[in-house]
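Assemble the whole structure, with the sequences as input and the hints as a guide.
Under the working numbering, the very last position in the sequence shown is 1188; numbers go up by exactly one each time.
For the record, the hints were derived by calculation from the structure and aren't laboratory data. Just so you know, these numbers come straight off a predicted model, no measurement behind them. Watch out, some of these pointers could steer you wrong.
Stated by the list, open to error - Under the rule of at most 25 Å between Cα atoms (straight-line distance), these lysine-lysine pairs were calculated in the DSS-like manner:
{"no.": "1", "residue 1": "Lys1121", "residue 2": "Lys1108"}
{"no.": "2", "residue 1": "Lys1043", "residue 2": "Lys1122"}
{"no.": "3", "residue 1": "Lys713", "residue 2": "Lys767"}
{"no.": "4", "residue 1": "Lys858", "residue 2": "Lys536"}
{"no.": "5", "residue 1": "Lys1043", "residue 2": "Lys1168"}
{"no.": "6", "residue 1": "Lys713", "residue 2": "Lys536"}
{"no.": "7", "residue 1": "Lys1121", "residue 2": "Lys428"}
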Amino acid sequence: MRNPFVKRLSYIAGIIIFALIAYGIGSARAQKARNAGDNKQPPPKAPRVCSVRQARRYADWLRALSRAERCRAWQDRSAGARQAAWIMSKAQYALEQATVDSDPKALLDPKKRQLLEDYYLLLLRAAHQSRQGVSAIAEEKGSRLRAYISPIDHSIQTYSVSIPGAYDPAVAWPLIVSMHGHGWFRPFQGHPAPSYSGAFCLSPQGRGSTDYKDLGEDDVLSAIEEIKRDYNIDPDRVYLTGGSMGGTGALHLGVHYADQFAGIFPIVGNADNLAWSLRWSWNRPFPGRFHSLRHWLQEGHTARAFAQNLFNLPTYILSGSGDTIVPPEHSRFMTRELRARGYRVEYREYPGNGHGGFPGSATGEGLAWTCSWTREPFPRTVTWKAAQLKHGKAYWLRMEQFARPVEFATIDAKVDAQNHLTINTSNLLALSCQRPTTLFSHGKDITLSIDGQTLRIANDLAPDHWLTLRRDPTHGWQEQIKVSMPTLSKKRGCEGPIHEAVLAPFVLVVGTQSPYPAMNDAWQREANSFANEWKRRNGAPCLSIKDTDCSAEIMQSRNLILFGGTSDNAISNQLGPFFPLADITTPLRAQNIDLDRDDIGFMLIYPNVSYAPHRSVVMLSAQSPQAAFQCWGRFGNWFNWGVFDSKKYFDYAIYDARSASPETMLLVGWFGSDWQVESGSWFTGVNDLRELMAPQLFPQWQDASLVHDTTLALVDLMPKRIDQMRGAIGLGRSFWGDKLQTDKSIGLRAPATIEYDLQGRFQKFSSGITLLNPRESGISQSRKKDEAVRFTVYGDGKKLAEKSVRWSDLNVMLEADIIGVKQLKLEASPAGGPAWLHMGSAWLKPSVSRALAGAPISSSSTAAE
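Below is the structure:
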């Protein structure tokens, strides 16, 4: 049944659109009449463009249209709702291209006024057609900007599609998926898509700069399904290509979803973490210190480690010898691996090129070669490797359960003559297979040799039916229907680690049940921080509710991110008894570690056993506001790449003030395939490394009115807002947790903004500024030469002081007069060299001071607990 509130919104939206159409058509006719009157005079040299005033009206109407269509897009899953998402995205694109919201003088440009008018008239017509049930609404010429609603966060995600002029829906057409390069998180990336006369071309947004992994991976696959829904696409002729980050995406999607594509053409793509280590000293191995874990995680990020999956996917790789952004070693190492396996691969390396700028013949040749292949959906031989079940489908085989965590699983299968199948596996407890008629004779039993064991399987079910086999510890491999199943088991969509919970529909549930107001405030602050970062990266907020508003219906339909443990969050208290908390803490209690300290925090992922065992619950728990502070962003930057910022690689972790990486946590772990601690893997922190870490400080004061001293170190004042894209700021330490020579300093990874509410109580700001590098990372030549960070001080929105620092000049002071300033903002932003290579910087002992003692203590203010 439709939600009454949504129903009322749809009525209101309809009224708004009707008024817009009526008023807009009248205005357009009036404008046309004026133009007709002008035509009585000699024709002008250029087409008449609307006035600035009229363009402002068009912009206002487009904003209103966008809001109305957003409501209609969320209404249901009808064709009209899909069209509403398209219309909304086009309206927003017109406003963004005209820069009317960012440039007060934008409308002085006649081209931008014309753009607004053109889009306004186009979209009014489209909105009217959509409401009349027209299946093919008016759209822009050339590449079309479209969108779909993501079930993950209900955001409207855009993509661009070009349609071949000769398209005939009676014929299946090829699809080229062209993926854009790195552009941070600005909207409408990929539009307009390239045009080809003989193929469709899709250019997805990919959720911005994600390397087309995680959310970006889901976006590409979803956009492909949208195109297949609207047009007759040949499933055996879908191709991947892209440059830079787009090349990375072609390789990533290729190795994990090879059975969906006919060929890939990566251009200067990231393919091998070893190339980063070679060129930039990133991610160096440290034998004896989480070495196996670090290696497994690193390999899980790199396409080269899964090169064997490309046995049936032709690959054409293009690179430049002079590339200093994605070094050619990425392409070379990937090609070497494919050639060693005898796979179909072509490699071209241009000695006169760097990161792009290839001649048209080079890209034309590569695309022509790629598009010459047709997918073979049922190869007789399959070899596959995966680190997660979601990447475990390989043509007619599918991994269903791993034997051990923190290990890869593999399948090698071959269909022989006369219905004989041989399978060899590693690290698998269960797998499924189809029996396509191109490989097996239907109705005739199949002889299966699996890991040295022989089974006879009836082949009387539909060929596309998935037959599941499970390995029993006593009897070996059998059909699953003959084996007792564990009560809980990791499955696709509910397998961990923690980060996977936000790759499906989820909701933040904020605890309100602590008897201490400061604790409730801390969890609300952390949830707000999560939501703000989500909006920055995804262009839309995520759903957030209080624990008292979390219904059974919500718990059954979404993954839950619980801010607050069993004492602070009502839902954590309800679900907590099902979590194996005592088993998790056993290794630490055996070492007599006090887990009741104020700086102790905890996080885990587990199935929602009570309401939806196929859904995940993430619980964040802390002993105090100090431990809750920046808890989500404090870990996950182990591999120096923005795609992995704050990524939780683990199923559970326990941390304290000295924790700044997996190796410096007290404990990190993965549950076994049955969601038990005993069958999983865990790692305790490296004590020698933990001793080198500076403890994360916690602000002493929540309110500047409490401060009586003449000078206040800003590390002691709770920021009003922290906005750092790459994780948590370091209070009293570097971003990476290293000790600083100057105490009371703030470690950053630019870009980063920190805001304070000074209430006009101080007169002078003073701070040193510098660049920092992690103790165990080298500084590449390109960083030494070009890297710079600009530090800026703002007071009530006005720039007060600004300086930049480079590696050649690190001892810099920055001061500003802040008399009367209420809101102080400190901003650090990359000012030289590639921003993604920047490793660290710091405000050194930033402070504010005044000549006289502070004002009396306000009775309504309290210090931070």
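Here is what the structure says about each hint:
| no. | hint | result |
| --- | --- | --- |
| 1 | Lys1121 <-> Lys1108 | 32 Å, violated |
| 2 | Lys1043 <-> Lys1122 | 18 Å, holds |
| 3 | Lys713 <-> Lys767 | 31 Å, violated |
| 4 | Lys858 <-> Lys536 | 18 Å, holds |
| 5 | Lys1043 <-> Lys1168 | 19 Å, holds |
| 6 | Lys713 <-> Lys536 | 12 Å, holds |
| 7 | Lys1121 <-> Lys428 | 21 Å, holds |
Hint check: violations occur at hints 1 and 3; the rest are consistent with the structure.
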